[in-house]
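Trainee: What follows is the residue order along each chain.
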Amino acid sequence: MRIGIADTTFARINMGEEAILTLQKKAFSDYGLRIKTERYTVPGFKDLPVAAKRLFENYKCDIVLALGWVGKEDIDEVCAHEANLLLMHVEVEAKKHIIKIFFHEKEAVNDFKQQKKIAVDRIQKHVLNALALLKGKEELTPLAGQGLRQGYDHAGGLK
Amino acid sequence: MRIGIADTTFARINMGEEAILTLQKKAFSDYGLRIKTERYTVPGFKDLPVAAKRLFENYKCDIVLALGWVGKEDIDEVCAHEANLLLMHVEVEAKKHIIKIFFHEKEAVNDFKQQKKIAVDRIQKHVLNALALLKGKEELTPLAGQGLRQGYDHAGGLK
Amino acid sequence: MRIGIADTTFARINMGEEAILTLQKKAFSDYGLRIKTERYTVPGFKDLPVAAKRLFENYKCDIVLALGWVGKEDIDEVCAHEANLLLMHVEVEAKKHIIKIFFHEKEAVNDFKQQKKIAVDRIQKHVLNALALLKGKEELTPLAGQGLRQGYDHAGGLK
Amino acid sequence: MRIGIADTTFARINMGEEAILTLQKKAFSDYGLRIKTERYTVPGFKDLPVAAKRLFENYKCDIVLALGWVGKEDIDEVCAHEANLLLMHVEVEAKKHIIKIFFHEKEAVNDFKQQKKIAVDRIQKHVLNALALLKGKEELTPLAGQGLRQGYDHAGGLK
Amino acid sequence: MRIGIADTTFARINMGEEAILTLQKKAFSDYGLRIKTERYTVPGFKDLPVAAKRLFENYKCDIVLALGWVGKEDIDEVCAHEANLLLMHVEVEAKKHIIKIFFHEKEAVNDFKQQKKIAVDRIQKHVLNALALLKGKEELTPLAGQGLRQGYDHAGGLK
Chain F
1 MRIGIADTTF ARINMGEEAI LTLQKKAFSD YGLRIKTERY TVPGFKDLPV AAKRLFENYK
61 CDIVLALGWV GKEDIDEVCA HEANLLLMHV EVEAKKHIIK IFFHEKEAVN DFKQQKKIAV
121 DRIQKHVLNA LALLKGKEEL TPLAGQGLRQ GYDHAGGLK
Chain B
1 MRIGIADTTF ARINMGEEAI LTLQKKAFSD YGLRIKTERY TVPGFKDLPV AAKRLFENYK
61 CDIVLALGWV GKEDIDEVCA HEANLLLMHV EVEAKKHIIK IFFHEKEAVN DFKQQKKIAV
121 DRIQKHVLNA LALLKGKEEL TPLAGQGLRQ GYDHAGGLK
Chain L
1 MRIGIADTTF ARINMGEEAI LTLQKKAFSD YGLRIKTERY TVPGFKDLPV AAKRLFENYK
61 CDIVLALGWV GKEDIDEVCA HEANLLLMHV EVEAKKHIIK IFFHEKEAVN DFKQQKKIAV
121 DRIQKHVLNA LALLKGKEEL TPLAGQGLRQ GYDHAGGLK
Chain P
1 MRIGIADTTF ARINMGEEAI LTLQKKAFSD YGLRIKTERY TVPGFKDLPV AAKRLFENYK
61 CDIVLALGWV GKEDIDEVCA HEANLLLMHV EVEAKKHIIK IFFHEKEAVN DFKQQKKIAV
121 DRIQKHVLNA LALLKGKEEL TPLAGQGLRQ GYDHAGGLK
Chain A
1 MRIGIADTTF ARINMGEEAI LTLQKKAFSD YGLRIKTERY TVPGFKDLPV AAKRLFENYK
61 CDIVLALGWV GKEDIDEVCA HEANLLLMHV EVEAKKHIIK IFFHEKEAVN DFKQQKKIAV
121 DRIQKHVLNA LALLKGKEEL TPLAGQGLRQ GYDHAGGLK
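Chains as they are written, first to last, in this note's numbering: chain F, 1 to 159; chain B, 1 to 159; chain L, 1 to 159; chain P, 1 to 159; chain A, 1 to 159.
Okay, chain F solo, but in the shape it has when bound:
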């Protein structure tokens, strides 16, 4: 299995490295998957869709983690919207998942400690989601409707 890791120089933490660390810890021990990683670093998150496309086509990745850090201005949110639309275009065209892992500064404006905490939690949990999806389409089914959250505590299922 080959996992693409696309991240940016715009981000304020090393999101790609964080993802790779979690993969190294969990891929084999928890999911029995022997994986290789391909790293691709671009300037900003609007460069991620073409990076993902290239990771699928030129580097034969089976799944891509697209790691973006969104600034706190409204224009940044518009850009994130654009990037997400195109990431989804790339994944439906490739018929392979792109796990879209975006941290938005609006989630914790100017609270840098909290920003880092949310981003790291989101990356770690979504790396596990990626591994589950690589195992099969029903691997996550036991957790369907459980109100899982990445970046925060789980909301839980409604009783």
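Calculated directly from the structure, the hints in this document are not laboratory data.
In this text the structure is predicted, and so the values were computed from the model without any measurement.
Straight-line Cα separation of at most 25 angstroms, SDA-like style, residue types lysine to any residue; simulated pairs:
| no. | chain 1 | residue 1 | chain 2 | residue 2 |
| --- | --- | --- | --- | --- |
| 1 | P | LYS117 | L | LEU143 |
| 2 | L | LYS95 | B | GLU93 |
| 3 | A | LYS36 | P | PRO142 |
| 4 | P | LYS116 | L | LEU158 |
Given chain F's structure and the hints, the job is docking chains B, L, P and A onto it.
Mentor: Chains B, L, P and A only, in chain F's frame:
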């Protein structure tokens, strides 16, 4: 007939299971259809378009139910917009229907009982819509213009 | 000539029937066109793009009338935006016109008589537009810049 | 060279005719281009993308002028956004330019004289842009960064 | 290596020339790349996607710099959104990067000196990003998560 059921771990009720229950009760008894189901669970609703694509192409589904639960924040609504656009792209490309069954927390903020009620009603009615569409393009024509609603009471036709 | 009529059970008037009535009255008498119609009824207007696609590809329609009724909430307008984008994708791909005939409840909130009046006027006038486009690309040229409106009185050309 | 002229019956001035007049005056005298025109009139600007597509594919146009008149309501602006997105899809697919010439009533609400003045100026200047683009990709390079405007006086370059 | 430079007559500084100057200074000395440039000037930034497409397909460029200047009105921002979406479509289709270098007047309304300063800094830094991406997918990896900014001082990484 093969029906794809794509749902999420983000949702706070088990939307996929709810859909499957209705299918089991109604597909043969009310529509005379013998069906098989394929389940696909993803982390969030932005992962549904590629799941739907794979259900059509890799699992030969004739129709897909895409079940999403949208959080109450504005950013969640933007994401729902993105997911819907891509689901529609996938369905026009596949030339097969995807029934987009999204519950939005904004419909009943923090009223969990009402949230569940709306979501379940929407799922049950849309499962029947899916079965009707599988029967043929004029199966729903007798109900055209009747102001049907999913999640709520029907609005009815204007006199 | 084969004309596709796609409408919804969500609508509060029978938009498809209204369109067919106008076609029957005018197609031959006013445009000299012998036409056949194909009806396709879906739950909501977000199901119209794939219905249109199927009307073009599986039912060999030369043009499609896509009839939608948009609720009064903001979320309904977002959905209408999505549906329109995809309808336009389908028509450029098919290289054939889809006449997008949407009534928006925001045009006359809670005034049901006025809602019906606008919707019917829009359907009737747009059916004639469809027939004109079937005749040729310059059929409407004598009316270019005349400020024509569907659903309302014509605005007229500026002097 | 073959130039497509797509306009609407919704517009309140005859935008297509205005474009053709400028082409007749300037194409040969100022650019040395012998041109033919193909006219295509549709109901509203949301019908322009498929008209442009057909002008490229069925009528072998080398460039298309898409002439739209946008009403003053917010919904009209949403529609203009949709039309522009699809016009851009059509042009990248055709690998040929579509000059998108839209007048927005919001530019001069209810001042009809000013509306006409802006629209005509925009058409005339953009027709010259179209002719320049037909000549070659560096024809406009001497004017790069000059702050050119269509519909208004040029803003000029910053010193 | 062939680098496409697409810019506009709408911009208020000569963005294409600025990009070419930086390329000439840095491509060989800092990155060891021998490059050729292809210039393409269009009226406005909404014409950039098709220009980029043509630079890839007709002029065999390996990367494109798309240089846009966005006016200060809300409608200009909508247009920038459209242009960016389509630029991203073109790049995923071409599987090659388009560096989207847009200056927005909203960043420094009516402060022309500041406008020029932001725009020039953004162009210069993004030209270097383009050169790095041409070298390889991990060329920027040592800078991942460093909070780099174009147009402004770098934000830096979070500790």
